Amino acid sequence: MKIFIMPPNSLILFDLVERFGHEPLSLMKALRDRVTSNEIEAPPLNVTVEDVKKGLKYAGIEVPSGIRGRLAIYGPLIDEAEAAIFMEDAPYSFGCVGCQRTNELAKLLVRKRKVPILSLDYPANEEEAKDMVYKVKEFLEGLK
Amino acid sequence: MDSNIETRLVFIAPTSDLTPDRIARFVHNLGNDVSVKETCYGVVLQGPKEAVKRTLDEVRKMDPNRIYSKIRAFPMGDIRRCRAHHGSRPGFAQLEKEWKDLCLVEQGLICVEKGEIPPTPKKRQKIPVNDLKKLIDEVSP
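Note that the protein sequences, when read in sequence, are chains A and B.
Each residue of the first sequence is one higher than the one before, starting from 1 at the first, in the working numbering.
Each residue of the second sequence is one higher than the one before, starting from 1001 at the first, in the working numbering.
Just so you know, these hints were derived from the structure itself, not from any lab.
Because the structure is a prediction, the values reported are computed rather than measured.
Watch out, some of these pointers could steer you wrong.
[As the list claims (entries may be wrong)] Heads up, simulated EDC-like pairs for lysine to aspartate or glutamate below, C-alpha to C-alpha not over 16 angstroms straight-line: (1) B:Lys1122 <-> A:Glu23; (2) B:Lys1100 <-> A:Glu126; (3) B:Lys1114 <-> A:Glu138; (4) A:Lys135 <-> B:Asp1002; (5) B:Lys1100 <-> B:Asp1017; (6) A:Lys2 <-> A:Asp79; (7) B:Lys1123 <-> A:Asp131; (8) B:Lys1123 <-> A:Glu127; (9) A:Lys54 <-> A:Glu80; (10) A:Lys57 <-> A:Glu80; (11) A:Lys29 <-> A:Glu80; (12) A:Lys137 <-> B:Glu1116; (13) B:Lys1097 <-> A:Glu88; (14) B:Lys1123 <-> A:Glu88; (15) B:Lys1123 <-> A:Glu126; (16) B:Lys1123 <-> A:Asp121; (17) B:Lys1053 <-> A:Glu18; (18) B:Lys1049 <-> A:Glu18; (19) B:Lys1123 <-> A:Glu138; (20) A:Lys135 <-> B:Glu1113; (21) B:Lys1114 <-> A:Asp121; (22) B:Lys1053 <-> A:Glu23; (23) B:Lys1097 <-> A:Asp89; (24) B:Lys1049 <-> A:Glu23; (25) B:Lys1061 <-> B:Glu1113; (26) A:Lys107 <-> A:Glu88; (27) B:Lys1097 <-> A:Glu82; (28) B:Lys1122 <-> A:Glu126; (29) A:Lys137 <-> B:Glu1113; (30) B:Lys1126 <-> A:Asp121; (31) A:Lys2 <-> A:Glu80; (32) A:Lys137 <-> A:Glu23; (33) B:Lys1049 <-> A:Asp33; (34) B:Lys1126 <-> A:Glu80; (35) B:Lys1122 <-> A:Glu127; (36) A:Lys29 <-> B:Glu1113; (37) B:Lys1122 <-> A:Asp131.
[As the list claims (entries may be wrong)] Facing chain A, a subset of chain B residues (Cβ under 7 angstroms, in silico): (38) Lys1070; (39) Arg1072; (40) Val1112.
A virtual CB, placed ideally from N, CA and C, is assigned to each residue, including glycine.
With the sequences and hints as input, model every part of the structure.
Right, here's the structure in full:
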């Protein structure tokens, strides 16, 4: 099954989802096509006209362009998602306020799709990590 | 770039005895059609999707619970990201944090492998106001 992960570029979640036999829907895969195409000069800082149009499907015109641009990439992944795993409580160094707001909007869009969702926190110690991996495994095995 | 080409980051957990050099040599010896580049946290693999997958499966066997991987958007040595060309590395703070956490995830994987059910950890709570006041008084009496 296709699993949307949040943060969408998380190493831990990408690896765990793949390890337990599912396909992670990650930002890296979506960006790959953009950064290797000749259309964009300095990706991923720029978006194409097509991206702006796509972004409008997921965020209103009054939403800041940075968030809309990001959602143009996240949006199609959310549409594809059959389940999702969110890791909350990430350190502030993971991204700017624009990233944070985009993540909040993306989570809302996933919730609106009514797909199974697992919400976790970044582990701070061994006990929490064991619990996190166990929950991810149980969740992913339950989807099969 | 060919859409069949995939770039992967391979991370070695901090607790592992493996070195990027050893993995790079191992990948070279496999003879798959894959390019490999050593990094501070592990290696970067690039090649046809199937070959990269085969290589990754073999590399994982070296230390299954201490080798992690994810796809990378930018191709190997891309001048927009490569340090050799003074490229920026905007996601490094996240990679560093998650790399440090890999030793915790490893414990989780071991636990799951053994079939243990871990106890529910205590929920993290905010520091009580009185404790915070005490701390403030200690620092600035």
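(request) State the violated hints by number, sorted upward, taking the hints as numbered earlier in the document. (result) 1, 4, 19, 21, 27, 34, 36
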